[in-house]
Structures are given as C-alpha cells and as structure tokens.
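K.L.:
In order, the protein sequence lines correspond to chains A and B.
Taking this note's numbering, the leading residue of the first sequence gets 1, the next gets one more, and so forth.
Taking this note's numbering, the leading residue of the second sequence gets 324, the next gets one more, and so forth.
If you're looking for bench data, these hints aren't it; they were derived computationally from the structure.
Treat the hints loosely; a few may be bogus.
[Claimed, not checked] Taking lysine-lysine and the BS3-like style, the derived pairs with C-alpha atoms no more than 25 Å apart in a straight line are:
#	chain 1	residue 1	chain 2	residue 2
1	B	Lys-332	A	Lys-217
2	A	Lys-49	A	Lys-297
3	A	Lys-46	A	Lys-236
4	A	Lys-217	A	Lys-178
5	B	Lys-399	A	Lys-262
6	A	Lys-26	A	Lys-268
7	B	Lys-346	A	Lys-262
8	B	Lys-346	B	Lys-378
9	B	Lys-378	A	Lys-71
10	A	Lys-304	A	Lys-26
11	A	Lys-265	B	Lys-384
12	A	Lys-159	A	Lys-265
13	A	Lys-12	B	Lys-332
14	A	Lys-197	A	Lys-225
15	A	Lys-268	A	Lys-236
16	A	Lys-178	A	Lys-159
17	A	Lys-26	A	Lys-296
18	A	Lys-297	B	Lys-399
19	A	Lys-225	B	Lys-346
20	A	Lys-225	A	Lys-262
21	A	Lys-268	A	Lys-197
22	A	Lys-109	B	Lys-378
23	A	Lys-270	B	Lys-346
24	A	Lys-296	A	Lys-270
25	A	Lys-268	B	Lys-332
26	B	Lys-399	A	Lys-159
27	B	Lys-378	A	Lys-46
28	B	Lys-378	A	Lys-178
29	B	Lys-384	B	Lys-399
30	A	Lys-109	A	Lys-12
31	B	Lys-378	A	Lys-225
32	A	Lys-217	B	Lys-346
[Said to hold, decoys possible] Partner residues aside, some chain B positions facing chain A, computed with beta carbon under 8 Å:
#	residue
33	Met-324
34	Ser-328
35	Met-360
36	Ile-366
37	Ala-367
Note that CB positions come from ideal geometry on N, CA and C, so glycine has one too.
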Amino acid sequence: MYKKYSDEVDDKVTSETIFEQCGIRKRYISEENETSKDFANRAAEKLFKDWSIDRSEVEYLIFVSDALEYKGPTTACIIQDDLGLPTNIGAIDILHGCTGWIHGLSLAKALISSGQVKNVLLLTADVPNKVIHPGDVELKSIFSDGGAATFLSNSTSPKEQNASLGEFTFGVDGSGQKSLWVERSATREPADIEWLKQYEHLPTKLIGGRLRMNSPKIFLFALRKVPSLIEEILDKHGLTIDSTDFFILHQANGTMLEFLRKRMKIPKEKFVISIENTGNTVSSSIPIAMKGEMDKKVFKPGNKVLVAGFGIGYSWGGTVLSI
Amino acid sequence: MNIESFIEKLAAEFEEVEPDTLKPDTNFRDLDDWSSMYALIVIALIDTEYDVRIKGEDLSKIETVQELYDLVENRKN
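Here chain A stands alone, though its shape is the one from the complex:
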C-alpha cells in the first residue's frame, strides 16, 4: 500500500497498481547526502575494475546529468579529481535528460572519429527523486535514481563485447518545455523564501526545485514522436524492423513502451523492456537496459541494436549499434 508523506494511506495506489500501470516493481532512491555525481563515480569505478580499463588512459570525460553539483564549476571537472583521471583531458557536462546518453554517444563519436582523442569516458547519472514532491504519485511511481558508465574508444576491448556506433538522428522541440520541467531550479524564476517555505516540512525540502509533469502531454508527445523517430533511424541505416535485431528505447514507463511496441509492430523478443526492477533512471535507462541484455548474452556478432531516447525538452534522438 502506498504511504503518503503525511502518513495517510491511499489504498487506491498500491505497489500492485503501480506495476499494472507502469510495469515497475522496484525503484531506487538516493541517500540524502548522495548526488548524481556519486552514482557516476561508482559506475566509473565498476567499469574500470570489471573491464580492466586503465584510468590514466582516459582522454575525455563527458558527464550527462540534469542534476549537476553546482552552477560552476563543471561537474565533469570535479569527477576528474574524484576518479584520479589525468589532468590533460577534456571534460564537459551535458544536460539532456532522457536523450542524454544518445547526445553523449554522438559527441564521443565526433571526438574520436575526428582524431581529437582516442577514447572517451561517458558517465550518465540522475537523481530525479531529489526534486519530486512526495505527494506527486505519478512521478514517484516511475522515477528512479541511478547512474551508468560507458567507454568509447578507437580500439576494441579483447575481453568484452564491443559495438560500433552508426549515424545519429536528433530532434528537439522547445515548445514542450513546460510538459516536463524542474520548477524554480535555476536562473529563471529561482526559488525564493516564500516558495521554499511551503516545502520545509519535506525530507528533501525541494531546495533544488520541483519536478512538474503534464503527464498527458509528455505521454502523447512520446506516443506520437517515437514511431517516426524509429523510422528515421532505420531509414538512415537502410534497415527495417525485420533486419534489426534489438530495440532498446529509453525505459520511460512499461505501459508506454508496450503501446509503442504494438504500434510499430515490433516482435516482443526484439524489444527490450527492462524497467521492472530499475524504474525510469532518466539519462542512464538505455545503458542500464543494454547492460542487462549484455549480461544475458543475447547479443551476437553482427547484430544491429537500435537505441533511442526521448523526453524532457522535448528532445529525442537515436542511432544503431552494430555488435
């Protein structure tokens, strides 16, 4: 049974109804003193260890998050120090929500293919629960705090499964800025004392702003936009749904993904829905879903894996990974 912050019990929303409506059983919530950077650092350390990557060889660091440490300095600079990366590297932050991993990949590809660097460490992490009001059940039901690390290089790893990046498709439509946004979170209409006072009883106090979602709008945006995005990505690669082996979309909401799958007539076995035990982790949802499939060893050499993100902005984008 869902327990409201006020300790009142709303028996209409249970973990079972959340599962039925969103396909989510488990979500992760950061500790009070944890930020997205901490998730990114842990993911990076795990990647260095599991894939035997020598951190002194990292040449460029991209940190994708909508929850940066400060307005300055760049959080990626702080991560350089945290991880003990060389100081002669490039480091930038990208704010791009659920399409963030796609943008990170595209920039990494540009840096590597233009010969500027040999490799890029791409970290994604978000902590949406810090800006969610405990009474906003729709938001609480789906969003999860998490991070992921992706390593891109001009050489392949002998130990791990490798993939090469295809062509990118991008899109933005800023007219959707208020369909999903963090109110009172930065320079435009910053939080003032009066605004903050109404939330001082909450555990997070919403000091970083409040996530607002117009769910019909964002939902319909995704249901309308994603099929044409997928079509565009396939066209760019001369692929069809039949000739593509897997589809890994931003894990927004299980019901929404299932609707999209049916709309696009993609067979169930090709369409990854792995949201059940992770929830919607914003910028990390695609790499987390991808890692889950890699661990199950479903990818075979020659496989084409379409990846696509969409959401806050509005923004959308995707590419095809060749295994």
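We have chain A; now place chain B onto it with these hints.
P.N.:
Just chain B now, with coordinates in the frame of chain A:
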C-alpha cells in the same frame, strides 16, 4: 473505417480483453485494465490510427465503445 476494425484495434491495446468480448455497448470504463494511463493510450491510438485528436474531457463525457467510435467518426468527417 468501421466499428469492427475499430473494436479490433481497441481490443489489441487491452491485455485482458478477448477480441469477442468487446462490443459496441461495452462501457470501456468497466474494463479491468482501464486507468488514466489507458485513457491516454486510447487517445494516442485514435490519434495515430485515425489522425483524429481527442481530449481527456471528450473521453470523460462518453462511456461506451459505440460512443467512442461515433466521436472519432464525427471528428474525421
């Protein structure tokens, strides 16, 4: 567009509904799966299949599959 194909498309979105149990006089609110999420799915289905935009408030005024079909047909013409 006819009501049979409309029902077929609608039924495909509801996991628990067997195609032959959904009739023109079925109240879609009585379906097991019905929720605000499904209301959005119905709106999106009508949008993508029939190029007709309906709103949540349109849905709240009607109850049966037939009424939904009529709404779509009226908007389409």
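K.L.:
Compare the structure with each hint and give your call.
P.N.:
Results of checking the hints against the structure:
1. B:Lys-332 / A:Lys-217: Judged against 25 Å, a Cα distance of about 22 Å means the pair holds.
2. A:Lys-49 / A:Lys-297: holds, 20 Å
3. A:Lys-46 / A:Lys-236: Violated. A:Lys-46 to A:Lys-236 sits at ~34 Å, over the 25 Å cutoff.
4. A:Lys-217 / A:Lys-178: holds, 9 Å
5. B:Lys-399 / A:Lys-262: holds, 23 Å
6. A:Lys-26 / A:Lys-268: Answer holds: A:Lys-26 to A:Lys-268 is near 22 Å, not above 25 Å.
7. B:Lys-346 / A:Lys-262: Holds, at roughly 22 Å.
8. B:Lys-346 / B:Lys-378: Holds: B:Lys-346 and B:Lys-378 sit about 23 Å apart, inside 25 Å.
9. B:Lys-378 / A:Lys-71: violated, 40 Å
10. A:Lys-304 / A:Lys-26: violated, 29 Å
11. A:Lys-265 / B:Lys-384: violated, 31 Å
12. A:Lys-159 / A:Lys-265: Violated, at about 36 Å.
13. A:Lys-12 / B:Lys-332: violated, 29 Å
14. A:Lys-197 / A:Lys-225: violated, 39 Å
15. A:Lys-268 / A:Lys-236: Holds, at roughly 23 Å.
16. A:Lys-178 / A:Lys-159: Measuring from Cα to Cα gives roughly 45 Å; hence the hint is violated.
17. A:Lys-26 / A:Lys-296: The given pair, whose Cα atoms are some 20 Å apart, holds under the 25 Å limit.
18. A:Lys-297 / B:Lys-399: violated, 48 Å
19. A:Lys-225 / B:Lys-346: Not OK: A:Lys-225 and B:Lys-346 at ~31 Å, beyond 25 Å, violated.
20. A:Lys-225 / A:Lys-262: The given pair, whose Cα atoms are some 15 Å apart, holds under the 25 Å limit.
21. A:Lys-268 / A:Lys-197: violated, 48 Å
22. A:Lys-109 / B:Lys-378: Measuring from Cα to Cα gives roughly 42 Å; hence the hint is violated.
23. A:Lys-270 / B:Lys-346: violated, 32 Å
24. A:Lys-296 / A:Lys-270: Holds - the C-alpha atoms of A:Lys-270 and A:Lys-296 are around 14 Å apart, at most 25 Å.
25. A:Lys-268 / B:Lys-332: Distance of about 18 Å is within 25 Å: holds.
26. B:Lys-399 / A:Lys-159: Violated. B:Lys-399 to A:Lys-159 sits at ~57 Å, over the 25 Å cutoff.
27. B:Lys-378 / A:Lys-46: Violated, at roughly 47 Å.
28. B:Lys-378 / A:Lys-178: The hint holds at about 18 Å.
29. B:Lys-384 / B:Lys-399: Satisfied, since the Cα-Cα distance of roughly 18 Å is no more than 25 Å.
30. A:Lys-109 / A:Lys-12: Answer violated: A:Lys-109 to A:Lys-12 is near 47 Å, above 25 Å.
31. B:Lys-378 / A:Lys-225: holds, 18 Å
32. A:Lys-217 / B:Lys-346: Status violated; Cα separation ~30 Å.
33. Met-324: violated, 18 Å
34. Ser-328: violated, 15 Å
35. Met-360: holds, 5 Å
36. Ile-366: holds, 7 Å
37. Ala-367: holds, 4 Å
When each numbered hint is compared with the structure, violations occur for hints 3, 9, 10, 11, 12, 13, 14, 16, 18, 19, 21, 22, 23, 26, 27, 30, 32, 33 and 34.
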